[in-house]
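Q: Going by my numbering, the letters in the sequence shown line up with residues 1 to 168, in that order.
Since the hints were made in silico from the structure, they are not lab data.
No residue lacks a Cβ here, since even glycine has one placed at the ideal position from N, Cα and C.
Pair ranges (Cβ atoms, derived):
| hint | residue 1 | residue 2 | range |
| --- | --- | --- | --- |
| 1 | Q117 | L66 | 37 to 43 Å |
| 2 | D68 | P148 | 39 to 45 Å |
| 3 | P25 | L52 | 37 to 43 Å |
| 4 | R109 | I70 | 39 to 45 Å |
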Amino acid sequence: MDSRDLFGVPREQQCRNGNTASVPPAASMGRRYGAAAIDGGLAVVCAGVSGLAYVLSLPASVAIPLTDGILWLRIFVTGMGVSLVNQMLLVLLFRCSVGKLLVGTRVVRLTDGGRPQLWQLFGRWIGGIAYGFTVLPLGFILGGSDAPPLDFAGVRIVAAVDMRPEQT
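Using the sequences provided together with the hints, build the complete structure.
A: This is how it looks when you write it as structure tokens:
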């Protein structure tokens, strides 16, 4: 009996000859950017709800403190916290974040296609934040590129259908 995760994906893929399967090819650009947009949108919405909850908790006689550091700190910490939990904890447990689940992708190690380690996921999260706030906007302003984003931190995003075991 083979071990499977919550979504029915085998924990270790086996080829027909019994050897461990190679890493599947990277997911399409549309799936990768779609998952990133959903995950980013989730973090922004949660951060906005947190800020709104803070503003609504103030007495009605108090003006909305848009220059208040507590409001912006709360928004920032909530957004980063949701992103961290979504990109690290959920991927560590289920191989996918909310966005990746919705578009049908998974995160695997580049070396053997197995589950990524916590340090790899943290490096991927930091790199994704840096990429999303620097390289992506600059690329958009300068006209963009057709080059796919690189796999870094030792992990790759693959389509979930590519992870199905071969039928014998």
